[in-house]
Structures are given as structure tokens and as C-alpha cells.
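Peer 1: Okay, here's what each chain looks like letter by letter:
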Amino acid sequence: MVEALLDVRNLTKRYGDFHALNDVTMKVEKGSVHGVIGPNGAGKTTFFHCIAGTTPSSDGEIVFEGRNIEGLPQHDRPGLGIGRSFQVNSLFPDLPVIENLRLASQALEPIHGFIFWRAVVHKDIDQRRAESVLHRLGLDGEEQTLVRALSHGQQRLLEVGMALMAQPHLILLDEPTSGMGVDDVPKMINLIKGLREECTILLIEHNIRLVSEVCDTVTVLQAGAVIAQGTPEHISQDEHVKSAYLGEEL
Amino acid sequence: MRVRGSFLMSLYLFQTLNGLGLGLIYFLMGLGLTIIFGMMNFVNFAHGVFYAAGAFICYQFIAWTGMFWVGLFAGPIVVGLLALILERFLIRRLYASDHAVQILVTIGLMLILRESILLIWGTVPKNVSPPEILSGVLLIGDFAYPKYRLFIIGVTIVASLGVWLLLERTRFGMTVRAGSENPIMVSMLGVNTSKLFAATFALGVTLAGLAGGLMAPIRGASAFMGAEALGIAFVVVVIGGMGSFVGALAGGLIVGLVQSFTSGFWPEGTNVMIYSVMALIIMLRPNGLFGRS
Amino acid sequence: MSTSVPFRVHIAASVIIAAALPFLVPSTVLATEILIFGMAVIGCNLLLGYTGLLSFGQALFFGAGAYIASLTAIHWEIGLIPVLLLTILAGAILAAIVGYLAIRRQGIYFVMLTLAFGQLGYYIAFLAEEITGGEDGLLDVPRPPLELPLLPDMTFANDASFYGLTAVIFVLCFLMMQRLVDSPLGSVLKAIRQNEKRAEAIGYQVRLYKIAVFAFSGAITALAGGLYAMMLNFAPLSNIDIETSEQILFMAVLGGLGSLYGSVIGAGVFLVASDFFSELWPRWMLLLGLFLVVVMMFAPGGLWHGLVVGFERLRGRHKTSTEENDHG
Numbered sequence: 001m002v003e004a005l006l007d008v009r010n011l012t013k014r015y016g017d018f019h020a021l022n023d024v025t026m027k028v029e030k031g032s033v034h035g036v037i038g039p040n041g042a043g044k045t046t047f048f049h050c051i052a053g054t055t056p057s058s059d060g061e062i063v064f065e066g067r068n069i070e071g072l073p074q075h076d077r078p079g080l081g082i083g084r085s086f087q088v089n090s091l092f093p094d095l096p097v098i099e100n101l102r103l104a105s106q107a108l109e110p111i112h113g114f115i116f117w118r119a120v121v122h123k124d125i126d127q128r129r130a131e132s133v134l135h136r137l138g139l140d141g142e143e144q145t146l147v148r149a150l151s152h153g154q155q156r157l158l159e160v161g162m163a164l165m166a167q168p169h170l171i172l173l174d175e176p177t178s179g180m181g182v183d184d185v186p187k188m189i190n191l192i193k194g195l196r197e198e199c200t201i202l203l204i205e206h207n208i209r210l211v212s213e214v215c216d217t218v219t220v221l222q223a224g225a226v227i228a229q230g231t232p233e234h235i236s237q238d239e240h241v242k243s244a245y246l247g248e249e250l
Numbered sequence: 251m252r253v254r255g256s257f258l259m260s261l262y263l264f265q266t267l268n269g270l271g272l273g274l275i276y277f278l279m280g281l282g283l284t285i286i287f288g289m290m291n292f293v294n295f296a297h298g299v300f301y302a303a304g305a306f307i308c309y310q311f312i313a314w315t316g317m318f319w320v321g322l323f324a325g326p327i328v329v330g331l332l333a334l335i336l337e338r339f340l341i342r343r344l345y346a347s348d349h350a351v352q353i354l355v356t357i358g359l360m361l362i363l364r365e366s367i368l369l370i371w372g373t374v375p376k377n378v379s380p381p382e383i384l385s386g387v388l389l390i391g392d393f394a395y396p397k398y399r400l401f402i403i404g405v406t407i408v409a410s411l412g413v414w415l416l417l418e419r420t421r422f423g424m425t426v427r428a429g430s431e432n433p434i435m436v437s438m439l440g441v442n443t444s445k446l447f448a449a450t451f452a453l454g455v456t457l458a459g460l461a462g463g464l465m466a467p468i469r470g471a472s473a474f475m476g477a478e479a480l481g482i483a484f485v486v487v488v489i490g491g492m493g494s495f496v497g498a499l500a501g502g503l504i505v506g507l508v509q510s511f512t513s514g515f516w517p518e519g520t521n522v523m524i525y526s527v528m529a530l531i532i533m534l535r536p537n538g539l540f541g542r543s
Numbered sequence: 544m545s546t547s548v549p550f551r552v553h554i555a556a557s558v559i560i561a562a563a564l565p566f567l568v569p570s571t572v573l574a575t576e577i578l579i580f581g582m583a584v585i586g587c588n589l590l591l592g593y594t595g596l597l598s599f600g601q602a603l604f605f606g607a608g609a610y611i612a613s614l615t616a617i618h619w620e621i622g623l624i625p626v627l628l629l630t631i632l633a634g635a636i637l638a639a640i641v642g643y644l645a646i647r648r649q650g651i652y653f654v655m656l657t658l659a660f661g662q663l664g665y666y667i668a669f670l671a672e673e674i675t676g677g678e679d680g681l682l683d684v685p686r687p688p689l690e691l692p693l694l695p696d697m698t699f700a701n702d703a704s705f706y707g708l709t710a711v712i713f714v715l716c717f718l719m720m721q722r723l724v725d726s727p728l729g730s731v732l733k734a735i736r737q738n739e740k741r742a743e744a745i746g747y748q749v750r751l752y753k754i755a756v757f758a759f760s761g762a763i764t765a766l767a768g769g770l771y772a773m774m775l776n777f778a779p780l781s782n783i784d785i786e787t788s789e790q791i792l793f794m795a796v797l798g799g800l801g802s803l804y805g806s807v808i809g810a811g812v813f814l815v816a817s818d819f820f821s822e823l824w825p826r827w828m829l830l831l832g833l834f835l836v837v838v839m840m841f842a843p844g845g846l847w848h849g850l851v852v853g854f855e856r857l858r859g860r861h862k863t864s865t866e867e868n869d870h871g
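Protein chains in written order, with our numbering: chain G, 1 to 250; chain A, 251 to 543; chain P, 544 to 871.
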């Protein structure tokens, strides 16, 4: 068995009596693309929030690269190699593209963010990395464009780029294609396919074509619990999954 | 020894009653602020000046009619009507704005109203005397307590109960409470939100006007009394938690009692004490005593 | 990265402002006041315009600066620079403490907490009569001499020389703050204003940055307060009251947030207008209130933003560059 990069054990998140996540256990293998699917309200985004530290979990363990990171504050997790994108574009709209990326990589050295006595200079960013990220996003030449001036699809790509800039070992993509036009989706698929060379990917997606095309393993959540796990082919045959999605398009 | 003991007892009773009266006034202030914020997510920095306006209008109607009761009713009503007009032409444009914008516009409004008060009534504060029947003290055994202060306690209890019934037992109140928790849902229920919002704003401001009118015989009417009252109303909601009736009540009573007991041994230090208690509560319970985070 | 306005332009601009101001306004004292409040407004702008923190505690820092500078200047003969350094340090520490406590709450509670701490400071100053002079304020505040090695001591007894001192300090502060907003720290602050959640998610401990910006804001605001006391030879209690906070905020919004030039323009326009109108009509604050409502309803970007847009229109091109992120 390949080493697990992320090992989630009995993860539970309660809001009062409501269990948003109930005893979720799953392993994400190093180098894999792992999809998390499930009907609306299944707890997918809560699951991401717990792994990224956005919301504290109530119970269970989150073991990342052999270390239990449960309880670690959100702002410490990118430094360990966990990057994430958001379901709804969450960028710095009044800053240029390059400054968004630079902020993401600068965050890995928190002390750097307290430099107040000199202006931001070229050496504050790894130029080659920035160029390579921009190139992969198809945003070459847009360095100085304000993020708010980008198209929605470009902003979706930059969402992923922000996470990528911090050289993550594990990247969490929350519905990367959500709200994207049909023409833009292939760009995202290509971007994700290219990513697996350098990091492990955990993604939430509704776009089944994307899931079956890029994922090695799929975990299905329903009502906060894991109901199935396996290869995309295996999952598409699973009766539990079919009934969970009854009435929804699979 | 016995005499000293009973003297202390009556002193404590005296201060408790004072604190209760003040606390209920602060509760009315805080409640007005909190229902406006809860319903419309609107921050009203002009809340204090409406309190001052309540005191002046009360004064004016007493001056015209010679009747305290007319003043006491006119204060909140006129202030409430003023609030309706302001809501119609200014405030309702701001519900969707950033809090910073709301705060700055209402500061502007506060300046306009405060300077208008100074224009109309001059810079010298006005004295308001309570009616004959409420002046002097009430003697129970050898315990004496000013009648007007007892009256304040009574009126504020009745007003608080009234507001509570309004919020708990009427359709309007149910919508206001639902709106405080989830404004979008209320608009989806098909309620006429623009009327509802106007009524809520007017209700909140009316409570400030009532508080000002009630305080006028104790503190007089001064154009600058609003700033202090606004600060205290903030303390009340910060302690109690915004959007909570019980929180505003608890916050108001805590502030009132702290103020009253501090004045017993350190009269100049009451305000320092109030704000220190607030700082302490925030350190211990960052969301206030009854606040939703 | 994209500081398309070179630093030397800021140097030239701030020197020109400081040199030209006495000739543009009716009196040297008014010019001094504008530069002093310009610094206080920059302190407010750092918090509100760059980081998105609306603080009603600015008068606390301003007033505390006035008291610290006055007390050290009255009681210790240590010269100008130590007095001002102590003032700056005290302002930074005080603001860091207020910031640390106030940012425990978010949004509107945060605003109320800054206001409450401001009030607490006011009442403490009011009570501590033996130290602050209470309601009467501190009288006879001296202007300490500037002692520099190899040079004769300089004194600032008349208005012109005190303006010179203020102008030099203003230019230094302005440039340091301009550096700050263009620095890696400044960039994080802008990021926090635009999207606090994302800033935290990519790894910034937002709380620490907020405390840091409070310290900077407190430092420059206290320095302004100290200079103001020296200018008046008097540290009144009103320095520390809520009205001063409101005025500083008003100047910041009037000039435009997110630009240091806007802060100076805001202070200038406000003080010249108040100088003019207060002579004519004691209730001129009514006009101020009306003006504030109108500006906020119809030109929320402030005067500086209006100037920038007007200038761009004149030159016939749209502005897509990035320097002044107007307050959104």
C-alpha cells in the first residue's frame, strides 16, 4: 500500500445536536487525485474546513505526513504544505494578480510580512515560480492586472494558483469548476491533471465528468458520513451511491 | 451597632433602587440600538442624540402646557415621528451599505441634530422639574426614597414589559425577532419589509426618546448628553450581546448597578468603573453574556 | 512590486506640500495645525483605509500623546528628541494594548469597543487631575529645544520656527508611512482589508498584523498629539474626547481612504473650512454634519479619489493601475 499523505480518523464536527461530519475516516494516498462527492449538504465543505483549519473539528484525528494537526490554527497549516482553494472566489480583488500570488508565497515566511521599512521589490517573490504558475493558469502577461478585472473563469484558475504558489504537498480544491463556463472547464481539467506531478490533490466536485476523468479514488459523503469509497468506475456502480443521489443527476 | 447596621441596609437598598432605575433606562437605550441592529443590520450612531432630543421635547411641551405628563408622552412620540421621516428619506438608503458608511452618515446626522438642538434651545442646559405628585420622597418606615426615581423604575418596567409583549406576542414582534435572526427569510415570507424596517427604526428611536424624557427631571436636558448616553448604550450591548433582549436587560442592569454602587464610595469614578467592568467582561467572555458569536 | 510611483516623487511631493502650505492658508498656525492633524489622519487611514479597521480610539492615542509629551517636557529637561521618542513609544504601546483587546471582537462590536476604550481613557484623564490637570488641562507646556551634536541648540519659540520643526517631522513621517503602505507589511494589510478570511487561510496570523498596525497608528497619532500640545503650549482635556476621534475620522473620510495624500487634503480642507465657518456662525458644525452626510451618500471615495478620477478624465484615459485602492 502506498503511504497515506493524509489520514483522517473518526473526524466529527458537531453544531449543537447536528452532526455535520460523523466519524469520517479516509486515507488520501500520496501522489493521488482524490475526489470527494456527495449530495448538497453532505458535509463536503465542512470536511475541507476541518482539514484546512477554518473551523475546528469536534472530535477525531487529522494526520498529515505522520503528524496529528487537529487543533492547529488555520494560519499554521499552509506552512506545513496544505493549500486550498475556495468554492466561491476569495481573492484580493483590488490587488494585481502578481501581488495575490506573492502574498500567498510570502505567507510561508510570516516574519517577511512584518517588513515595513522598504517597498516590495522583485526579489520578494520567486520570479521563476511565479512565471511558471502564471503560465499554467494561462495568465501570462496579466501580472499587473487587478484581480477584479479578470473574468470569472480566470479568477477560478487564480484560486488554484494561490494555493499552488505556496508549494503545497496537499492541495484542497473546493469545487474548482463551480460557476465556470463550459469553455473554461477543460482549462481547469488540464490544470488539475498537470498538478498531480507535484502534489497530492483532494477535491470536491459536482462535475462528474471531471471527477471520472481526473480522480484515482472517490469518497462519497452523505449526511456527514462516508457511504462509499473506491475508484470512479466502482463508485458509479455502487447502489448506496445511486440511492443517495436519487433525484439528483449523477 | 444595630443602628449602623440598619443604616447600611437602607444605604444598600437606596443604591440598589438607584441602580435599578438607571439600569432600566440604559436597558431602554440598549434595546433600541439592538433591535435596529438586529433587524436591519444598521448601526445607529445618532442614537444618543435622539435621547437628548427626547429630553428637550419633553421640556418644551412642559413649557408650553405646564403639564409634565404631556411632555413625557410627547418626547418619545415626536422623536419617533422624526425617526420615521429620517428613515424615509435617508436611513433606508443605507441598509445595504457598509457599517463604516452607516456609522459616518449617522455621525453626520448626529451633528445636524445636536447643532439644531443648540440652535433651537440655546447652549444653556434646561431644567425639568417633576410634577407635584412625584416630587419629594416616599417614606417607608424610616427609609426615604425620592418618588420620581420610583416612578422611573415603574415606567421603565411597564415600558419594558410592553416592548417584550410587543416582541413576543404580536405578529409585528415575531417578524422583528425572525428578522433579527434571518432578515432574508422575512422578506421571503412576503412581509412588506420597507414598512417593517421603518416601524422598527421608529420603535428603537422612540425608546431612546422615552429614556431621554424620563431622565430629564434628574439630569436636565443638554445637547451634549447624547454622547455619554451613546457610549453607555454601546457598553450595554457589548456586555449583553447584540440582538438579545435578555442581554440588553442584563447589560443595562449591570451598568446601572455598577454606576450606583460606585457612586457610593467613589462618585467621580463611576464612568471609569463602568468601562472597566465592560473591558473585564469582554476579556472573560468575548461574545458578551448572551451574545451569539 | 508595482510601485509605479517612484519614491522620489513622494519625497518631492511631501516637501512641496510642507514648503507651500504656509503660503496657501491664512496663518502659519493653521498650516502647523494642518500638518499635525494630517499625521493623525494618516494614523487613522492606516487602520481604516488600508486595513479596514474603523477605530474610535484615535483621540485616546492623540490625547495620550499630548499628555506624555507635555508631562515629559514639563518635568524632565531631556530635549526635544527624547520627548518625542517617548511619546511615540507610549502611543505605540497604548494602541497595541487597545488593539489587542478590541480585535477580540469582530465587526460592529470591534468599533464599539474602540469607542468604549476611548471613553475609558477620557474619564481616566478627567479623574487623574493631579497628572493631567483634569478639566483644566495641562498649562504652560514648553517647546523643548532641539539638541543636536555639533550644532547649537535650536529653540522654537515663534510660530515660523515651530512650523519648520513640524514640517520636517511631517515629511519624515509621511515618507515612512508611504514606505509602510508600499511594503510587504502594507501589502498584507491591504489583503486583510480586502479579504480577511483568505489572508488567514493562506497563512497570515491576521491578529498579529492588526495589533502591529494599531501600534503604528498609535505611534504617529500620539506624535501628532504631542506636537499639538507644544503648538498650543497647552494640553486640553478635549484632545482625548470622542469628538476628536470623530473629527479625525471625518478628515480621513473627507480626503479619501487608502491614500496618504487624501489624508493631508482631508485635514487641510476640514481645518480651513472650520477656521472660516466658525468665525461666521457658532453652529457651523451643522453644515459639517450635512456635508458629511452628502459626502458619504454621494462621494464615498472622498476628495482625493474625486481628484484622481477627474485628473484621469482630463488626460482621457481610464485608470486601471493599482496604486490607490479606493475604499470599496
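Just so you know, the hints here were simulated from the structure itself, not pulled from any lab data. Just to be clear, a hint being listed does not mean it is correct.
[What the hints assert, rightly or not] Straight-line C-alpha distance at most 25 Å; calculated DMTMM-like pairs for lysine to aspartate or glutamate: (1) G:K187 / G:D140; (2) G:K193 / G:E239; (3) P:K740 / G:D216; (4) G:K30 / G:D216; (5) P:K740 / G:E239; (6) A:K376 / P:E620.
Peer 1: Confirm or reject each hint.
Peer 2: Each hint tested on the structure:
1. G:K187 / G:D140: holds (14 Å)
2. G:K193 / G:E239: violated (29 Å)
3. P:K740 / G:D216: Roughly 31 Å separates the two Cα atoms, so the pair is violated.
4. G:K30 / G:D216: holds (11 Å)
5. P:K740 / G:E239: With a Cα-Cα distance of about 39 Å, the restraint between P:K740 and G:E239 is violated, given a limit of 25 Å.
6. A:K376 / P:E620: violated (48 Å)
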